[in-house]
Amino acid sequence: MNKPAVVVLAVPLLLAACSTEKPAAVTSPSPRASLTYPPAFRGDTVDTYHGVKVADPYRWLEEEDRPGSTMWPKVQEWVNAQNELTFSYLAGVPQRGAIKDRLTTLWNYERISPPFKEGGRYFYSRNDGLQNQSVFFTVDKLGGTPRMLIDPNTLKTDGTVSLTGTIPSEDGKHLAYATSDGGSDWNTWRVMDLATGKDTPDVINWVKFGGVSWTKDGKGFFYSRYPEPKEGEGLKAVNENQKIYYHTLGTPQSEDKLIYERPDKPKWYLFGGVTDDGRYHVIYASDNTTVNDAVFYRDLSTPDAPVVELLNKFDQQYALIDNIGTTFYFRTDLNAPRFRVVSVDIRECKDGVLTNPKEIIPQAAESLQGVNLIGGRLFAQYLKDAQTVVKMYSPEGNFLGDVKLPGIGTASGFGGKNKDTETFYTFTNYTTPATVYRYDIPSGRSEVFFQPKVDFNPGDYETKQVFFSSKDGTQVPMFISHKKRLKLDGNLPTLLYGYGGFNISLTPSFSPVNLQWMEMGGVYAVANLRGGGEYGTEWHNAGRKLKKQNVFDDFIAAAEFLVSERYTNPKRLAIQGGSNGGLLVGAVMNQRPDLFGACLPAVGVMDMLRFAEFTVGAGWVADYGSVKNEDEFKALYAYSPYHNLKKGTCYPPTLVTTGLRDDRVFPGHSFKYAAALQHAQGCDNPVLILTETRAGHGAGKPTWMRIEESANIWAFLVKSLNMDPVIPAGKKAAAK
Numbered sequence: 018m019n020k021p022a023v024v025v026l027a028v029p030l031l032l033a034a035c036s037t038e039k040p041a042a043v044t045s046p047s048p049r050a051s052l053t054y055p056p057a058f059r060g061d062t063v064d065t066y067h068g069v070k071v072a073d074p075y076r077w078l079e080e081e082d083r084p085g086s087t088m089w090p091k092v093q094e095w096v097n098a099q100n101e102l103t104f105s106y107l108a109g110v111p112q113r114g115a116i117k118d119r120l121t122t123l124w125n126y127e128r129i130s131p132p133f134k135e136g137g138r139y140f141y142s143r144n145d146g147l148q149n150q151s152v153f154f155t156v157d158k159l160g161g162t163p164r165m166l167i168d169p170n171t172l173k174t175d176g177t178v179s180l181t182g183t184i185p186s187e188d189g190k191h192l193a194y195a196t197s198d199g200g201s202d203w204n205t206w207r208v209m210d211l212a213t214g215k216d217t218p219d220v221i222n223w224v225k226f227g228g229v230s231w232t233k234d235g236k237g238f239f240y241s242r243y244p245e246p247k248e249g250e251g252l253k254a255v256n257e258n259q260k261i262y263y264h265t266l267g268t269p270q271s272e273d274k275l276i277y278e279r280p281d282k283p284k285w286y287l288f289g290g291v292t293d294d295g296r297y298h299v300i301y302a303s304d305n306t307t308v309n310d311a312v313f314y315r316d317l318s319t320p321d322a323p324v325v326e327l328l329n330k331f332d333q334q335y336a337l338i339d340n341i342g343t344t345f346y347f348r349t350d351l352n353a354p355r356f357r358v359v360s361v362d363i364r365e366c367k368d369g370v371l372t373n374p375k376e377i378i379p380q381a382a383e384s385l386q387g388v389n390l391i392g393g394r395l396f397a398q399y400l401k402d403a404q405t406v407v408k409m410y411s412p413e414g415n416f417l418g419d420v421k422l423p424g425i426g427t428a429s430g431f432g433g434k435n436k437d438t439e440t441f442y443t444f445t446n447y448t449t450p451a452t453v454y455r456y457d458i459p460s461g462r463s464e465v466f467f468q469p470k471v472d473f474n475p476g477d478y479e480t481k482q483v484f485f486s487s488k489d490g491t492q493v494p495m496f497i498s499h500k501k502r503l504k505l506d507g508n509l510p511t512l513l514y515g516y517g518g519f520n521i522s523l524t525p526s527f528s529p530v531n532l533q534w535m536e537m538g539g540v541y542a543v544a545n546l547r548g549g550g551e552y553g554t555e556w557h558n559a560g561r562k563l564k565k566q567n568v569f570d571d572f573i574a575a576a577e578f579l580v581s582e583r584y585t586n587p588k589r590l591a592i593q594g595g596s597n598g599g600l601l602v603g604a605v606m607n608q609r610p611d612l613f614g615a616c617l618p619a620v621g622v623m624d625m626l627r628f629a630e631f632t633v634g635a636g637w638v639a640d641y642g643s644v645k646n647e648d649e650f651k652a653l654y655a656y657s658p659y660h661n662l663k664k665g666t667c668y669p670p671t672l673v674t675t676g677l678r679d680d681r682v683f684p685g686h687s688f689k690y691a692a693a694l695q696h697a698q699g700c701d702n703p704v705l706i707l708t709e710t711r712a713g714h715g716a717g718k719p720t721w722m723r724i725e726e727s728a729n730i731w732a733f734l735v736k737s738l739n740m741d742p743v744i745p746a747g748k749k750a751a752a753k
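Each step along the sequence shown adds one to the number in the numbering used here, with nothing skipped, and position 472 is 489.
Just so you know, the hints here were simulated from the structure itself, not pulled from any lab data. Idealized CB from N, CA, C, for every residue including glycine. Among these hints, one or two may not hold up.
What the hints assert, rightly or not - The calculated label-pair distances, taken between Cβ atoms and stated as ranges, are: (1) Gly68 with Pro218: 51 to 59 Å; (2) Ala212 with Asp437: 41 to 49 Å; (3) Gly235 with Asp477: 32 to 40 Å; (4) Asp321 with Asp472: 56 to 64 Å; (5) Pro280 with Gln93: 34 to 42 Å; (6) Ser581 with Pro246: 45 to 53 Å; (7) Lys190 with Gly146: 26 to 34 Å; (8) Ile425 with Ala322: 54 to 62 Å; (9) Gly267 with Gly369: 35 to 43 Å; (10) Glu376 with Gln270: 16 to 24 Å.
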């Protein structure tokens with residue numbers, strides 16, 4: 018199961034904000050001048066939950082572009098007018114042009130992905146710096162002459178078609194690859210003949226949140242897909258009844274064989290893959306109400322073998338690492354909230370539970386994030402206070418030593434198969450661009466395979482980790498990065514970033530965008546809030562459902578720490594988060610509007626009473642809870658950003674960002690929230706929204722769009738936080 022794969026889990030992703038190109042310069046108001054917002058009429062829609070009447074005056078902003086819609090033209094008019102207002106405001110920031118030019122220079126550096134090997138050749142992606150999308154290559158041997166396979170930059174003139182998956186067959190004859198148009202979660206899979214570099218007639222549509230997995234003979238692959246949307250359904254339509262099929266090369270999709278479905282469980286997610294030995298097809302099921310898994314399998318050595326429900330209680334988290342014969346190795350939180358590794362003989366399992374599991378790697382003080390079996394070794398990746406530690410064990414559980422990393426930061430990769438003698442990984446932190454290393458397993462040595470060169474001096478910056486007390490006394494870690502020798506005078510412009518959900522961990526990583534913020538004299542802080550996965554299941558559970566307020570308390574405490582330690586003050590402190598992090602920003606801003614000088618909620622889940630009505634939102638009930646449960650409804654209603662705005666309150670300057678093609682967190686969330694916030698605003702602080710018309714939830718954005726959005730955000734903060742940054746000269750951005 019260590020083959021390269023694309024399995025996108027149905028949870029909100031950690032993202033930056035979204036925006037678009039700006040139009041010609043228009044005179045903008047002063048930082049605190051009163052704005053005239055585009056009109057947004059307030060309807061009389063009222064819903065009743067457990068006897069509580071809840072008004073939803075902007076329900077009409079949930080409408081979308083679909084045949085027969087009478088409200089969509091009004092929504093479109095509102096979106097266009099809001100964009101025009103926002104662009105005119107940002108155009109008046111004198112530093113915006115210099116910010117964009119310098120960011121273009123910082124972004125213009127070569128970068129590659131860690132290579133992986135299949136069918137006797139290596140594969141990797143490369144970007145020369147300002148290419149809108151990375152290009153996919155293959156090479157017969159390391160150091161050889163690479164051959165380009167796919168250049169997604171040629172697929173759309175504006176660079177908005179992205180390459181989202183690349184899976185070679187084990188025999189090295191074919192490559193399955195997926196593309197997404199305009200940031201949509203919908204993927205189209207095609208197959209390339211690697212000998213000729215030409216596509217075969219095979220095309221697979223309606224794939225979302227899943228990859229493909231080749232059978233060992235290379236004759237076809239398994240994949241997950243949803244039914245084709247009905248005529249008139251738009252991007253917000255609920256996605257249900259995911260099924261698993263097998264596609265035989267050279268046949269149309271209409272002839273694909275149905276392998277597994279659960280019509281009695283329409284909201285289940287179903288995905289999986291073939292084990293490295295080719296014998297088993299493993300299927301994972303998620304029931305959308307818990308964070309736990311079910312694991313099924315088919316024995317491919319027997320024609321038309323039935324699906325065996327190996328683990329079907331949804332009682333714990335189980336991730337198959339690999340198998341050796343009938344012995345399956347799992348990473349699990351079964352009796353181990355920080356996770357451990359167990360093995361089991363599948364022939365002995367009965368009644369859908371692990372029978373006589375053998376502990377291979379016991380639970381440690383650190384949280385076990387992932388395990389791969391490569392070259393006869395289990396590579397176990399841990400987080401120690403949100404920093405990567407990698408340990409090696411034999412399949413029997415004997416400790417074989419640590420992988421020595423270049424420093425404190427994040428290491429990722431370590432892909433491969435049990436027969437391999439090498440693996441590749443990247444290492445990064447807030448001041449180290451992602452460097453690719455080759456690890457030689459027999460010798461236990463790492464060597465630099467590729468090191469990016471960025472136009473800055475890492476020695477000018479520093480990162481420290483601190484711990485602060487949350488409201489209930491919980492100690493929460495936070496990384497703080499900035500230029501060296503900054504004077505802590507309580508007046509530094511500071512950006513605090515957070516997420517806090519879905520078992521997702523925030524670990525140190527390099528970004529030219531955040532580097533520019535620090536270059537302009539800003540402090541960049543990242544808080545590891547409860548709800549994430551930094552400390553295992555207990556840390557995650559402490560920020561779920563009825564305990565979600567803990568996440569907001571943690572973020573508020575992080576902000577108060579930055580103020581008390583004299584990094585900044587409320588007028589110079591901004592907060593940022595995307596998706597679930599957008600919810601975080603919206604909720605915290607409502608609860609403590611006095612604490613922040615600017616707020617940046619991106620593609621956020623803002624209506625906590627209706628999130629399950631759109632796209633894959635039903636899958637988020639596991640983290641948020643359901644309005645069908647009275648206690649959970651009360652908790653959701655108490656912090657829902659859209660529902661807790663109070664008219665007449667002075668809210669901080671706010672820039673809401675979203676994508677019109679977001680079929681993950683439907684943009685109606687952001688539309689409704691922005692309209693309600695503009696209506697409620699009790700002072701002259703600006704409330705703006707930018708909607709990128711050719712972007713979705715964030716994945717696959719072309720480079721030109723990322724530079725534009727970042728320049729917009731920094732320009733907004735420069736004005737909102739009253740900054741006067743020194744910006745080094747940069748090169749003009751290339752036309753898209």
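Each hint tested on the structure:
Between Gly68 and Pro218, the C-beta spacing of about 58 Å keeps the proposed range 51 to 59 Å intact. In this structure the hint that Ala212 and Asp437 lie 41 to 49 Å apart at CB is violated, the actual value being about 24 Å. Range check, Gly235 to Asp477: about 51 Å between beta-carbon atoms, so the 32 to 40 Å window is missed. Distance hint for Asp321 and Asp472: a CB-CB separation of about 59 Å, consistent with the stated range 56 to 64 Å.
With their beta carbons about 37 Å apart, Pro280 and Gln93 fall inside the hinted range of 34 to 42 Å. The hinted range of 45 to 53 Å is satisfied by Ser581 and Pro246, whose Cβ atoms lie roughly 52 Å apart. A hinted range of 26 to 34 Å holds for the C-beta pair Lys190 and Gly146, which are about 33 Å apart. Our hint of 54 to 62 Å for Ile425 and Ala322 is violated, since their Cβ atoms are close to 48 Å apart.
Checked against the hint of 35 to 43 Å, the pair Gly267 and Gly369 passes, with Cβ atoms roughly 38 Å apart. Checked against the hint of 16 to 24 Å, the C-beta distance between Glu376 and Gln270 comes to roughly 44 Å, which is inconsistent with it.
In this structure, the earlier hints numbered 2, 3, 8, 10 are contradicted, and the remaining ones agree with it.
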